[in-house]
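A.B. asks: The residues making up each chain are set out below.
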Amino acid sequence: MRADASEAILRILSGGPGATLQDAGRHGYLRFGVTAAGPMDPLAHATANLAVGNSAGATAIEVSVGGLEVTAESGALRVAVAGGEFSLNLDGRPLPPAVVLNLEEGAVLKVRAGGRGSWCYLAVAGRFAVPKVLGSHATHTRTGFGGLNGRALAVGDRLGIERSGSSQPSISAIVAPWLDRPLDTIRVVLGPQHDFFADDQISAFLAGPWTVSAKVDRMAYYLDGPQLTHARGYNIVSDGIAMGAIQVPGDGRPIVLMADRQSTGGYPKIATIIGPDLGRLAQARPGAVFRFAAVTIGQAVEARRSEAALLARGIVVEPLTRTHLSSEFLLGLNLIDGVFGVEG
Amino acid sequence: MTLPIDPRFLDAGEAALVVEFGDTVDPVINDRVLALDAALRADPPAGTREFVPTYRSLMLHYDPLGIDRETLVAIVRRLMTGLAEWRGEGTIWTLPCCYDPALAEDLDEAAQILGFTRDDAVALHTKATYRVYMCGFTPGQIYLGGVPEQLKISRRATPRPPHPAGAVSIGGGLGTVVPFVMPTGWYVIGQTPERLYAAERQDAFLIRAGDLVRFEPIDLSTFRDLAQRAGGGEIVARKRAT
Numbered sequence: 017m018r019a020d021a022s023e024a025i026l027r028i029l030s031g032g033p034g035a036t037l038q039d040a041g042r043h044g045y046l047r048f049g050v051t052a053a054g055p056m057d058p059l060a061h062a063t064a065n066l067a068v069g070n071s072a073g074a075t076a077i078e079v080s081v082g083g084l085e086v087t088a089e090s091g092a093l094r095v096a097v098a099g100g101e102f103s104l105n106l107d108g109r110p111l112p113p114a115v116v117l118n119l120e121e122g123a124v125l126k127v128r129a130g131g132r133g134s135w136c137y138l139a140v141a142g143r144f145a146v147p148k149v150l151g152s153h154a155t156h157t158r159t160g161f162g163g164l165n166g167r168a169l170a171v172g173d174r175l176g177i178e179r180s181g182s183s184q185p186s187i188s189a190i191v192a193p194w195l196d197r198p199l200d201t202i203r204v205v206l207g208p209q210h211d212f213f214a215d216d217q218i219s220a221f222l223a224g225p226w227t228v229s230a231k232v233d234r235m236a237y238y239l240d241g242p243q244l245t246h247a248r249g250y251n252i253v254s255d256g257i258a259m260g261a262i263q264v265p266g267d268g269r270p271i272v273l274m275a276d277r278q279s280t281g282g283y284p285k286i287a288t289i290i291g292p293d294l295g296r297l298a299q300a301r302p303g304a305v306f307r308f309a310a311v312t313i314g315q316a317v318e319a320r321r322s323e324a325a326l327l328a329r330g331i332v333v334e335p336l337t338r339t340h341l342s343s344e345f346l347l348g349l350n351l352i353d354g355v356f357g358v359e360g
Numbered sequence: 255m256t257l258p259i260d261p262r263f264l265d266a267g268e269a270a271l272v273v274e275f276g277d278t279v280d281p282v283i284n285d286r287v288l289a290l291d292a293a294l295r296a297d298p299p300a301g302t303r304e305f306v307p308t309y310r311s312l313m314l315h316y317d318p319l320g321i322d323r324e325t326l327v328a329i330v331r332r333l334m335t336g337l338a339e340w341r342g343e344g345t346i347w348t349l350p351c352c353y354d355p356a357l358a359e360d361l362d363e364a365a366q367i368l369g370f371t372r373d374d375a376v377a378l379h380t381k382a383t384y385r386v387y388m389c390g391f392t393p394g395q396i397y398l399g400g401v402p403e404q405l406k407i408s409r410r411a412t413p414r415p416p417h418p419a420g421a422v423s424i425g426g427g428l429g430t431v432v433p434f435v436m437p438t439g440w441y442v443i444g445q446t447p448e449r450l451y452a453a454e455r456q457d458a459f460l461i462r463a464g465d466l467v468r469f470e471p472i473d474l475s476t477f478r479d480l481a482q483r484a485g486g487g488e489i490v491a492r493k494r495a496t
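Sequences listed follow chains L and X, in order.
Just so we're on the same page, this note's numbering is the position in the first sequence counted from 1, plus 16.
Just so we're on the same page, this note's numbering is the position in the second sequence counted from 1, plus 254.
If we strip away everything but chain L, and leave its shape as in the complex, we get (with noise of 0.2 Å):
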């Protein structure tokens, strides 16, 4: 690919196997059965493409607990990382786990799982140039849809980027308070199915307590717990899934449908997570122990606009000095990395 003076690339270094571009998701076709798809944590998405100035939706890439290293070509890139708390370090420097920071040509950002969360974004202040499926860049590796020819960032990639906005020599901090997200509670809607299960079913799901099991990917999160029965069979005429849906299987055991659930499917869904809560799971490892607590559609629509408030606001940066460098801080880093940016 050949950069002309508004482009540079985004070269991938090295990744671990769950690094993909994801924009807002592509939506308008699930009648024909295509998959959404779009980003785990919406809200650490949006936070990260309008900390380098981006439309909310716009394309970012989304990684892993396995990582990405990337570096830029043919000049300079305005980059932010926002998401989990992952372990980020730019020319052997430690950052801190949400930043906007200008990736110099030949310059290395490398971003590792942290101490918590699972997803986390890295926007780049422009577009990226690959072509769209269906008007979306979003991966959906299953179908081979969207993203780079339909799959995961693999070492060697090149991505085209047509740089917008200006570049500024500064890091800063980004301060997003409302990606510290404890997990405790996740909030539901009852239903679409809740009246598949008897009373008591539907107490014992609300009472948990769920630990996320290791079985956890884009697709779906598998829940431990208690086991649920059903009051009428397991088998449903096949009907719509929407992101976040819950549903319970012949063997109880509930399943979390996320960003690359199929558009349909034959399950009871006892209940569904309310969309602000749905980057809150999709970040908890496997282990991680919570419960649920329903409420009421005007409760999840008020959830949403205090968050859509919050996003409206802007995202407020800080230059990055020592202060952030506390003790605290360098203890959380991953040690491998070396607190003073020597590299292993």
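Just so you know, these hints were derived from the structure itself, not from any lab.
Please note: incorrect hints may appear among the correct ones.
Below, simulated DMTMM-like cross-link-like pairs (lysine to aspartate or glutamate); rule was C-alpha separation at most 20 Å, straight line [said to hold, decoys possible]:
1. 493(X) x 465(X)
2. 148(L) x 457(X)
3. 493(X) x 470(X)
4. 148(L) x 454(X)
Derived CB-CB ranges, DEER-like [claimed, not checked]:
5. 331(X) x 194(L): 35 to 41 Å
6. 172(L) x 278(X): 50 to 56 Å
7. 297(X) x 108(L): 56 to 62 Å
8. 182(L) x 298(X): 37 to 43 Å
9. 123(L) x 408(X): 56 to 62 Å
10. 172(L) x 408(X): 46 to 52 Å
11. 403(X) x 303(L): 49 to 55 Å
12. 489(X) x 191(L): 51 to 57 Å
13. 166(L) x 295(X): 24 to 30 Å
14. 215(L) x 335(X): 34 to 40 Å
15. 310(L) x 373(X): 53 to 59 Å
Owing to the predicted nature of the structure, the values given are computational and were not obtained by experimental measurement.
Idealized CB from N, CA, C, for every residue including glycine.
Let chain L serve as the given structure and place chain X on it in line with the hints.
C.D. replies: Relative to the frame of chain L, chain X by itself:
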């Protein structure tokens, strides 16, 4: 037939509403789903995002900050009173289908379970006209009702290994055509060279809910020829209006 119906309104979270007309696979119920879908698409209410018809319900995805649930329910109720019988868009597709043992991997197994010869099973399968109840699960995949009683077979207890794209299958009393490689709990009894999904085509998705489908048997060499043409972007199924 009019549609004086009192559907159930079920919440799938705060951003999706299920309008449920029944809980069975039934052409009358599916007619209502498709009629409401057509009415909503003709004039989508502000704040709605997309509508997903299934066998027996319509899922309305919406932005709850753009339209509230009560308004949406009121709009649906009002639309219901004016709905006429669903007549479909009137498209009948004839899909070429190869039942050669090389492609019809489970045909002998299914025929044996059902107590026929493979030729009898093929004759039954090609004699029927199928209704497309819904698309879903994978892009462009169609679910078919109208499977002859003698061909109704349960799904497998455990899935079989992945089949090729274009697999024509039966299971759970229904039929399907799947344009992607994937494992299945159904029985693969043939393969069509047609591509139900083709990104580069003007109509990326060939067949829609409410269309009718027939299968026309072809031999292996015809299959190979048609598959090559389909690969070049040609539509090899035949299409006509009712």
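A.B. asks: For each hint, tell me whether it holds in the structure or not.
C.D. replies: Here's how the hints hold up against the structure:
no. : hint                        : result
1   : 493(X) x 465(X)             : holds, 10 Å
2   : 148(L) x 457(X)             : holds, 16 Å
3   : 493(X) x 470(X)             : holds, 13 Å
4   : 148(L) x 454(X)             : holds, 12 Å
5   : 331(X) x 194(L): 35 to 41 Å : holds, 38 Å
6   : 172(L) x 278(X): 50 to 56 Å : holds, 53 Å
7   : 297(X) x 108(L): 56 to 62 Å : holds, 59 Å
8   : 182(L) x 298(X): 37 to 43 Å : holds, 39 Å
9   : 123(L) x 408(X): 56 to 62 Å : holds, 60 Å
10  : 172(L) x 408(X): 46 to 52 Å : holds, 48 Å
11  : 403(X) x 303(L): 49 to 55 Å : holds, 50 Å
12  : 489(X) x 191(L): 51 to 57 Å : holds, 55 Å
13  : 166(L) x 295(X): 24 to 30 Å : holds, 28 Å
14  : 215(L) x 335(X): 34 to 40 Å : holds, 35 Å
15  : 310(L) x 373(X): 53 to 59 Å : holds, 56 Å
Hint violations for this structure: none, all hints satisfied.
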